[in-house]
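**Q** Residue numbers (the numbering used here), protein chains in the order written: chain Z, 1 to 137; chain P, 1001 to 1137; chain G, 2001 to 2137; chain B, 3001 to 3137.
Calculated directly from the structure, the hints in this document are not laboratory data. C-beta atoms are modelled at their ideal positions from N, C-alpha and C, and glycine is treated no differently. Hints are supplied without guarantee of correctness; some may be wrong.
Unchecked claim - In silico BS3-like cross-links for lysine-lysine, where the CA-CA straight-line distance does not exceed 27 Å:
| id | chain 1 | residue 1 | chain 2 | residue 2 |
| --- | --- | --- | --- | --- |
| 1 | B | K3074 | G | K2012 |
| 2 | Z | K21 | B | K3120 |
| 3 | Z | K120 | Z | K105 |
| 4 | G | K2051 | P | K1120 |
| 5 | Z | K51 | P | K1032 |
| 6 | G | K2065 | Z | K12 |
| 7 | B | K3114 | B | K3074 |
| 8 | G | K2105 | P | K1117 |
| 9 | G | K2051 | P | K1105 |
Said to hold, decoys possible - If you want the footprint, here are the derived chain G segments under chain P, 3+ residues with CB under 8 Å:
| id | stretch |
| --- | --- |
| 10 | 2003-2017 |
| 11 | 2107-2120 |
| 12 | 2125-2135 |
Said to hold, decoys possible - Quick partial rundown of chain Z residues pointing at chain B, CB under 7 Å, derived from the structure:
| id | residue |
| --- | --- |
| 13 | R30 |
| 14 | L37 |
| 15 | R39 |
| 16 | S41 |
| 17 | V43 |
| 18 | G50 |
| 19 | I84 |
| 20 | Q87 |
| 21 | I89 |
| 22 | H90 |
| 23 | M97 |
| 24 | A101 |
| 25 | G104 |
| 26 | G108 |
| 27 | S129 |
Protein chains: 4
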Amino acid sequence: MSIVRFSVSLDKALVDEFDQKIQREQCPTRSKAVGDLIRDSLVQTEWQAGKEVVGAIVLVYDHHKSDIVQRLTKVQHDCHDAIISTQHIHLDHDNCMEIVAVRGKPPGIESILKRLKAVKGLKHVSLASGTTGVRLP
Amino acid sequence: MSIVRFSVSLDKALVDEFDQKIQREQCPTRSKAVGDLIRDSLVQTEWQAGKEVVGAIVLVYDHHKSDIVQRLTKVQHDCHDAIISTQHIHLDHDNCMEIVAVRGKPPGIESILKRLKAVKGLKHVSLASGTTGVRLP
Amino acid sequence: MSIVRFSVSLDKALVDEFDQKIQREQCPTRSKAVGDLIRDSLVQTEWQAGKEVVGAIVLVYDHHKSDIVQRLTKVQHDCHDAIISTQHIHLDHDNCMEIVAVRGKPPGIESILKRLKAVKGLKHVSLASGTTGVRLP
Amino acid sequence: MSIVRFSVSLDKALVDEFDQKIQREQCPTRSKAVGDLIRDSLVQTEWQAGKEVVGAIVLVYDHHKSDIVQRLTKVQHDCHDAIISTQHIHLDHDNCMEIVAVRGKPPGIESILKRLKAVKGLKHVSLASGTTGVRLP
C-alpha cells in the first residue's frame, strides 16, 4: 500500500461547509472524509457495472407460519454457491430475524432476493449492499 | 468567490480507481469530481437538517379522469406559497406529465406530496431533491 | 377502461395497520391505496426492464460561472431527441434552477445525466423517475 | 391470527400488468403480492415514525490497518444496548466483512452508523432496514 498526495481546488465557502459537516460527524481528517465519499461512489459503480460484490439480506418472519423455515432453508441451499453464512436472531416468541451474508455478481444476488421474497409467510426482506474490498484498497 | 487549495492523502490504488471512474464519466478534473461528491453529500445534509431546499414533483395522470385537473389545481393553489411554477407536458392523447417546482423546508414539501398523492386518478408521483444553492457556493 | 374487482385475504392486524396509514395519509379508499402501491411497483419495473419512461432532471447552478449556460444549452441540444422541454427558475440573484423534462429508455436518460453532470460549474443534479402512463392505465 | 377478506376495484389493464409481474416473480398468489407491498410500505412508515426497528450494518475493512479491530470493537461495546450480535466473514487474506445486527429507534441506529463510519481504515459501511415484526402480523 502506497499513499499518494494530490491537491484539490474548491470554493472556500464550499470547503467551509464541508469542514463543518466533517466536525459534526466527528470524522478525524479531511482526507478520510474525501476518501469515504470516493469509496461510496466506487461501491455504487461496482454494483452498476456488475462486478463481484457482497451484501446482507435481512429476513423477518414468524417461525410458526406453516413450513416457512423449511422453505427458506431449501432456497438457501439451492443458492449455496452465493451464500456465505447466516445469522439467526430470536426477536421475540414469534419473530425471527435472519441475516444472510451473500457474495456474487449483482444479478445473482437479485435472483436470490427474488426467490426468498416469493416464500409465503415472510414479513419483510431487505438488502444492504457491500463490497468485496478487492478494488477498494 | 475565493478558491482554496488543500491536499488529500489516499491509497494510490484508490486514487487510480477514482481516476478511471472520472475518465469514464468524462469529468474534466479531479477537483470537480471531488467537489461534486462533496456537494451531493451537503445537499443530503440540507434535506436531513430541515434547511430550505428546492425540488421537482413529477405527476403523471390521465386528464380524462373525472375532475382530476380541478383537484390538482386546487391542491396547488392551497400550497401556492411553496410552489414556484408548473410545466405541463402532453405525453399522448390521454396522459399528462406535470412538473411542479417547489421550494421550502422538507416537511412542507412532504406535505404537498402527501396531498397530491391523495388525489384520485393520479397514476404516479415522484420527487427530485435539489438545493437552493445558497449554502453551496 | 373497465374495472375489475378481486378479493384479497390478509391478516386482520395487517389490514388494521394499513387502514390507519390510509387514514393518516387521507387516501380516500382502500382500493386507491392498493392501486397506488401496485402502480409504484410497476413504475420501478419499467425502469429496471428498460421500457420507455419519463423523468425530470433538476439542475442548480450559478449563471455567472464562466460559460455554463452555453455548455448546458449545447448538451441539451445534442440530446434534443430525448428532451421534451425545460423550465427555468431564478432562485436568487445568482442561482438558477432548471428542470429538464426527458423521455426515453433509461440508458439514454442516464447518458444525458452523465453529460450534464460533467459540465463545470454545476452545483447539483438530481432526477425524478416517472412513467409515460401507457402501461399504467 | 385471523384472516380478513376485502375486495379491491381497479382498472382491468392495471391488474393484468400486476398479474404479469406476479408471475415473473413467481409470487404464489395475488393476496401475497398485495400483502408484500403493504408490508414494505408499513416498514418504511415505522422507520419514518421513529418506532422500534431492526437492521443489519455491513462493514468491510482490511484487518491489517492499524488498530481498526480494537476501534470497531470499542464502538460496538459502547453501543451494546442496541447491538444484538455480529457475524464475521473472512472475505480474503486482507478483507473482513462484519454484519452487525441492531435493534432500536432509528435515531439510535443512525448514531451507531455515524460512530462506525468515523473509524479510520473502514472501506465501506451500509445498512439494511428491517422490522421487529411486532406491528406486521
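**Q** For each hint, tell me whether it holds in the structure or not.
**A** Hints, one by one, checked against the model:
{"no.": "1", "hint": "K3074(B) to K2012(G)", "verdict": "violated, 44 Å"}
{"no.": "2", "hint": "K21(Z) to K3120(B)", "verdict": "holds, 17 Å"}
{"no.": "3", "hint": "K120(Z) to K105(Z)", "verdict": "holds, 26 Å"}
{"no.": "4", "hint": "K2051(G) to K1120(P)", "verdict": "holds, 25 Å"}
{"no.": "5", "hint": "K51(Z) to K1032(P)", "verdict": "holds, 26 Å"}
{"no.": "6", "hint": "K2065(G) to K12(Z)", "verdict": "holds, 15 Å"}
{"no.": "7", "hint": "K3114(B) to K3074(B)", "verdict": "holds, 14 Å"}
{"no.": "8", "hint": "K2105(G) to K1117(P)", "verdict": "holds, 25 Å"}
{"no.": "9", "hint": "K2051(G) to K1105(P)", "verdict": "violated, 34 Å"}
{"no.": "10", "hint": "2003-2017", "verdict": "violated (count 0)"}
{"no.": "11", "hint": "2107-2120", "verdict": "holds (count 5)"}
{"no.": "12", "hint": "2125-2135", "verdict": "holds (count 9)"}
{"no.": "13", "hint": "R30", "verdict": "violated, 13 Å"}
{"no.": "14", "hint": "L37", "verdict": "violated, 11 Å"}
{"no.": "15", "hint": "R39", "verdict": "holds, 6 Å"}
{"no.": "16", "hint": "S41", "verdict": "violated, 11 Å"}
{"no.": "17", "hint": "V43", "verdict": "holds, 5 Å"}
{"no.": "18", "hint": "G50", "verdict": "violated, 18 Å"}
{"no.": "19", "hint": "I84", "verdict": "holds, 5 Å"}
{"no.": "20", "hint": "Q87", "verdict": "holds, 4 Å"}
{"no.": "21", "hint": "I89", "verdict": "holds, 5 Å"}
{"no.": "22", "hint": "H90", "verdict": "violated, 10 Å"}
{"no.": "23", "hint": "M97", "verdict": "holds, 6 Å"}
{"no.": "24", "hint": "A101", "verdict": "holds, 6 Å"}
{"no.": "25", "hint": "G104", "verdict": "violated, 13 Å"}
{"no.": "26", "hint": "G108", "verdict": "violated, 16 Å"}
{"no.": "27", "hint": "S129", "verdict": "holds, 5 Å"}
When the structure is compared with the earlier hints, violations turn up for hints 1, 9, 10, 13, 14, 16, 18, 22, 25 and 26 and for no others.
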